Amino acid sequence: GAGVSQTPSNKVTEKGKYVELRCDPISGHTALYWYRQSLGQGPEFLIYFQGTGAADDSGLPNDRFFAVRPEGSVSTLKIQRTERGDSAVYLCASSPQPTGWDEQFFGPGTRLTVL
Amino acid sequence: AQSVAQPEDQVNVAEGNPLTVKCTYSVSGNPYLFWYVQYPNRGLQFLLKYITGDNLVKGSYGFEAEFNKSQTSFHLKKPSALVSDSALYFCAVRDRNYGNNRLAFGKGNQVVVIP
Numbered sequence: 001g002a003g004v005s006q007t008p009s010n011k012v013t014e015k016g017k018y019v020e021l022r023c024d025p026i027s028g029h030t031a032l033y034w035y036r037q038s039l040g041q042g043p044e045f046l047i048y049f050q051g052t053g054a055a056d057d058s059g060l061p062n063d064r065f066f067a068v069r070p071e072g073s074v075s076t077l078k079i080q081r082t083e084r085g086d087s088a089v090y091l092c093a094s095s096p097q098p099t100g101w102d103e104q105f106f107g108p109g110t111r112l113t114v115l
Numbered sequence: 001a002q003s004v005a006q007p008e009d010q011v012n013v014a015e016g017n018p019l020t021v022k023c024t025y026s027v028s029g030n031p032y033l034f035w036y037v038q039y040p041n042r043g044l045q046f047l048l049k050y051i052t053g054d055n056l057v058k059g060s061y062g063f064e065a066e067f068n069k070s071q072t073s074f075h076l077k078k079p080s081a082l083v084s085d086s087a088l089y090f091c092a093v094r095d096r097n098y099g100n101n102r103l104a105f106g107k108g109n110q111v112v113v114i115p
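Chains as they are written, first to last, in our numbering: chain A, 1 to 115; chain B, 1 to 115.
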């Protein structure tokens, strides 16, 4: 079956611009996660959705970052007034249920470069 | 708080030799533990997990890991490494008593299997 997909695969933008990153989770997965992976580091948690609502957004670094999941499926991560420090690979993951022991299935990521 | 340490940046092993990738964790309660592998330009792929029960967990592609509560470790092992095992390996933990679903990842270990 289809895995988690993310678009675009690469995004290059200029400092100060607005970007949107999209995630299509595995069909039927109720839990959706966003992580950010900087060069040489492991993924860092950003936000977790259970259905349409953000159950935990404590990993968002500041108020320039926002994410939505209006219909409980596709999610969009939005970054306003981008900064060079936002350059990273943004990973999306989904899991069938919001249980802590379910493995999370990851997409290929979106590589964001802020010039 | 929950965290993972992967003390070695890179692990070099000859093809056919045993492979070990080290991981220690820190949680306030009891852990769920995971190993993921990342190949170049691809998303993280789930290898195995420890939830409860038998301390030795078997996963995909001949990998296994042993949970050691007294040493707070969850080392990944493979009896006979293949060149195709060369990749980046991440250990992750979730504190089952913490009440959220976020995973805390280590910084990763690059495994190089030498033919």
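In short, the hints are calculated from the structure, not lab data.
It cannot be assumed that every hint is accurate.
To be verified - Computed cross-link-like contacts, DSS-like style, restricted to lysine-lysine with a CA-CA straight-line distance of at most 27 angstroms:
1) B:K58 / B:K77
2) B:K107 / A:K11
3) B:K69 / B:K107
4) A:K78 / B:K69
Note that this is a predicted model, so its numbers are computed, not measured.
Structure-inconsistent hints, enumerated in ascending order: Violated hint (a single one): 4; every other hint is consistent with the structure.
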